[in-house]
Amino acid sequence: MDKPRDRINDLELILGKVENLIRPIIYNTFQLQTAPIGSNILYSDCSCNADRPGCNSECYCDSNESFCFFVCNTHQINCCQSECNCDMNF
Amino acid sequence: MQRPILNPELFVFPVDSKEDKLVLYAPLEGSAAEINPDMLFLLQNLNQDQEIDFENPIFKRLKDSKIILDSQPDSEDKKESKLDYCPTHLTILPTFNCNLRCVYCYSNGGEKPITLDLEIARKAIDLLTYNISKTNSKKASLGFHGGGEPLLEENLDLVKRCVEYFRSQMEDKGIESRVVAATNGVMEEDSLEWISSNFDFINISLDGPAPIQDAQRPQKGGKPSFPYVMNTINFFEEKGLDYGIRSTITAESVTQMPEILSFFSEITKIKSIQFEPLYECGRCKTTKVRAPDPKIFIDYFLRSIEVAKEKQIKLLYSGSKVSTPSQNFCGASGNNFFLTPQGNVTTCLEVSREEDFGAKVFLIGKYDSDNKEFIFDDQKINHLKNRRVSNLSHCSDCFAKYSCSGDCLSKCYLSSGSIYDTSNNPRCEINRQLHKAQIINTLKGGNKNG
Ligand code: SF4
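Residue numbers (my numbering), protein chains in the order written: chain U, 1 to 90; chain G, 91 to 540.
Calculated directly from the structure, the hints in this document are not laboratory data.
Glycine included, every Cβ here is placed at the ideal spot set by N, Cα and C.
Take the hints with a grain of salt, since some may be wrong.
Just some of the chain U residues that point at chain G, by a computed CB distance under 7 angstroms [stated by the list, open to error]: (1) 1; (2) 3; (3) 4; (4) 5; (5) 7; (6) 8; (7) 9; (8) 11; (9) 12.
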């Protein structure tokens, strides 16, 4: 598969005349808080972003990773990263 | 207002082929915005000298969602990653033996049925206990998984002793403990009774209604497994044991995904289901069972999301973790502690036998029976730990990089011979399309602040 190129400066649109640059339209903005799919079922699916803004929980994951979701104090469960993602054919 | 800068991890993609609506996406902030091409042009030229009205409320909204920033943030790559291997969760693979003969089994379960020695299992629990004290952890978990079927009747004594030993060690230290397992669900009444009272969570593999389940997951002698698995589920529901269902989707079953989901919602009280596309490996070589075409999988997964919403079931897939951006796909990146029946330590459940293709990468340690201790290979651990999405060249400019995290290490290894080469993995397309759909759906559906 070709290497994806999704950075903002990679996208060249075939634009007609670009007008109204100072008054662009944004349809909406949002904050992603929950997601319908994607968490690790075996170790539950805490969507708390421990160690990230907005989450008060103390993370005692031993990985010291930038994104650290091992154990969430708020939700009292082992979450996300902790072990396997279990996508094998078992 | 000073001239803002773009978030360095900012991506863009068209909503559809018309390119008149675009999505801006800042994955590390959990923010996205739908914009038009004019706005894209403006942002692409943000650092030029042109006059821009930064007091416009639109810029405030972009700033609030951290799509644009006042100053350069710390680079994720520069943040230090501690490379010590000190796991506080242990998963035991008690045996390669199995009572089923699933047509796609990655581990050829049932063949060369070696079973783990109890002494080695106890030593692994001792090491876990030591790590817990060392890291001051307050919680620990013990899991059981295949290889073969971990909760097989004839090995249940081994499992019981491990659970008892683990719980007593943790109780002594005031550590909260959790015991979990993944199972094929075909088991006797006595086992069910004990499991219900001693486990916190069970993940059951069930591929669909009887015709699909029995074709894909027959018993050793070819008899159906469906009635036994349903008996297990009913038993767990009666006892209130928390469980999940995980279904492998093949080329044969892919177009039935929405029906499979409806079926489960009708006959069980399940709250979450995981669908995973088959990856051709293990027994697939002889049975010739095929993986679903990625495009068809995406199409039917998206249809299944609609059914899941209606039935209020959480639908999961491992390759797209919107709410938990991460550098690592899973603990196979040098964190897992999986003890195999041969006394090896692997970080990936798909690589558990010494003769497996990825053994030289994923088998990071071994029990030394002379010295009665585990010996680990630091070089291998570091090779795995450094497999972060920031270090994957194919993924560097992908909008889905923090939700996919470069995907499954062992599948990349199987497809390209390196855990760092993600370019040949068929799941890449699935992960991108599903993540895109998640973002667009969320933009359409909710959490709007504007
Ligand atoms: S594997 Fe594909 S989808 Fe995943 S981060 Fe890499 S390029 Fe993106």
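Checked hints:
1. For residue 1 of chain U, the interface hint holds, since its Cβ comes within 7 angstroms of a Cβ in chain G; the closest pair sits about 5 angstroms apart.
2. Interface hint status for residue 3 of chain U: upheld, as the beta-carbon distance to the closest one in chain G is roughly 5 angstroms, under 7 angstroms.
3. The interface hint given for residue 4 of chain U holds, since its Cβ lies 4 angstroms from the closest Cβ of chain G, which is under the 7 angstroms cut-off.
4. Evaluation of the residue 5 of chain U hint against chain G yields a held restraint, the C-beta minimum of about 5 angstroms falling below 7 angstroms.
5. The interface hint given for residue 7 of chain U holds, since its Cβ lies 5 angstroms from the closest Cβ of chain G, which is under the 7 angstroms cut-off.
6. With 7 angstroms as the threshold, the beta carbon of residue 8 of chain U comes within range of chain G, its nearest partner Cβ sitting at about 5 angstroms, so the hint holds.
7. With 7 angstroms as the threshold, the beta carbon of residue 9 of chain U comes within range of chain G, its nearest partner Cβ sitting at about 6 angstroms, so the hint holds.
8. Of the supplied interface hints, the one on residue 11 of chain U holds, with its beta-carbon coming within about 5 angstroms of a beta-carbon of chain G, less than 7 angstroms.
9. Taking 7 angstroms as the C-beta contact cut-off toward chain G, the hint placing residue 12 of chain U at the interface is violated, the least distance being around 9 angstroms.
In this structure, the one hint that does not hold is number 9.
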